[in-house]
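**Student:** Sequence lines, in order, name chains S and E. Residue 85 in the working numbering is what sits at position 85 of the first sequence, and the numbering runs on without skipping anything. Residue 107 in the working numbering is what sits at position 107 of the second sequence, and the numbering runs on without skipping anything.
Hints are supplied without guarantee of correctness; some may be wrong.
If you only want the chain E side, here are some residues facing chain S, beta carbon under 8 Å, derived [said to hold, decoys possible]: (1) Thr8; (2) Asn32; (3) Gly49; (4) Phe57; (5) Gly60; (6) Phe82; (7) Glu132; (8) Asp133; (9) Gly136; (10) Val138; (11) Pro162.
Partner residues are not named here, just some residues of chain S that face chain E (Cβ under 7 Å, in silico) [said to hold, decoys possible]: (12) Ile11; (13) Tyr13; (14) Phe17; (15) Ala24; (16) Val27; (17) Val47; (18) Gly117; (19) Arg119; (20) Gly187; (21) Asp196.
No wet-lab data here; the hints were simulated from the structure. Glycine is no exception: its CB is placed at the ideal position from the N, C-alpha and C atoms.
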Amino acid sequence: MLKLLLFFKRIHYALLFIALEAIAISVFLHGNIYQKARIAGASSRLVSGVYDKIADVSGYFGLRAENDRLIEEIARLRSQLNAPRLYADTAFARFDSVPGLQYYQYQPARVIRNSIGKRQNYLTIDRGTLDGIEPEMALVADDGIVGYVVHCSDHFSVAVSILNTEEFRTSGCIKGSDFAGSVYWDGLSHREVILDEIPKYADMQVGDTVLTTNYSYIFPPDQPIGTVASFEMVNGTFYKVRVRLFTDLARIRHVYAVRYLDQEERRAIESTVGISEIGPRQEGGRP
Amino acid sequence: MIRFLEYTATFVLLLILQEFVFDNINFGGVVNPYIYIMFLILLPLDIPGWLLLLLGFGAGVAVDFMSGIAGLHAIVSTWLAFVRPTVVGLLLGKDFVYEGGIPTAGRVGAGKFLRYVAAMVLLFDIPFFILEDLSGSVGVIVLRIVLSSAFSVGIIYFLHLPFVHTQLKV
C-alpha cells in the first residue's frame, strides 16, 4: 500500500498533466459551435462591456469616414427610389416595403469586437435579444455580407465572421449566371474568400461580381460578396475562384442584422421532402 | 503573500494586454502574439510541479473564456507548464532551480534568458498554430509560427524588463 502511494507520489506530475489535458482536449474536440458560442457569450458580458466603451471612444476618430459612408449609402438608396420600375419587375421586389411583400427586415448594429487574425473569427455586435436579434440572422454591411449571428445575450450578440474557416459557409454565384458554388474562407487573406465548385460550363472573367443566391436560409439573395480575383480549373470539372471581398473586415464598424421572415416556414416545408439542406454544406455545419 | 498578490496582478495585467492589445495585432494575418504565457515563463523556478500545472491550465482556461475558442489555449498552456521544468533544467541549469526566484535576464544572463524565452514561446506556438488550423497549408502555418514567435519573444523580453531589478532577490 505504502509502495503504491509512493509510486503515485512519484508520478503525480504526469498523472495531473494527463488529467488536465484530457479535460482540455475533450472540450476542444466535443465543443461544437453552439457550446463555443455559449462560451463566447458568457465572456461577452464582461469583455463586450469594455469593448463597447472602447468602441464609443474610437468611434469619434472615424466620424468623417462614417459621414462619407452614410452619404454614399443615401445616394445609393435615392437612386433606388428613382428606379421603382426596375425593382418591381425583378427579384429585388423582395425588398419592397409593402407589407406582405417584405421578406427581410434590416436593423442597424455596431460592431464592438472583431478579429481577423485567427482561423475562427467572430464578431460581437452591440444588439441582443432585447433589440430583437436572434441566432441565424445575417449580418451584412453596405457593400457585402459579413457573417451570421450564433448567440445572443440581452444586449450583445456573437456572430461567426465570414473569415471563419470552419463555421462559415454559404452559397454564391457569379452575377448574371445561374451556376452556384459554395463560399468559404481558406484562412489566407482577410480580403479574399474562395468560391468553390462552380461548374466548368460557367462563363466568368476576372472582375466579375459575386453575389449570394436564393439557396440560403440566412443571407438575402443578390447581396454583393466581392469580385473575381482569379480562378482555376480543378480536375477539369469545376472552377475554384478566389473572390476579393468588397468589405474590408478589418475596418468594419457598422452592419445590418437581417431577419429572414420566412426562415422557419421555408425550413419546415423543405424538410418535409428531405431537402432541408439545399447543398448539405451551404451553411457551415448547421443542422 | 506579497508575491502571490504580485503574481495575481501580473496575470490580470497580462490577460488584459492579451485581450485588448495583442489579440488585435496582426500584420497580414500572420502575426498573432500570445504573450500571456509570459506568466508561466516568469513563475518562480522552485515552484511545485502540481501548482505549475494547475496555473498553466488555469491561464489557458481564462484566455479560452475571453477569446471564445473552447479548450485550445488550455491544451497548449498546460503542455507548456508540463515541459517548463525540463526546459529550465536544460537551458538555465539546475543551480537556478535550487535557488528559486524568478528567472530574469539580470539573474541568468541576457543570452540564456532569451534562449529560454524563445524555447518556451516556440513550445507554445508550434502546437498552438498547428491545432488552430488543422487543415491549413503547411507554408502558412510555418510562417505564422516563425513570425508570431519572433514578435512574442521581443515583446516578452521588453515586458519583463521592469522585473529585472525589483525582483532580483525574491
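**Student:** Return the numbers of the hints above that this structure violates; sort them in rising order.
**Tutor:** Per hint list: 1, 10, 11, 12, 21 violated.
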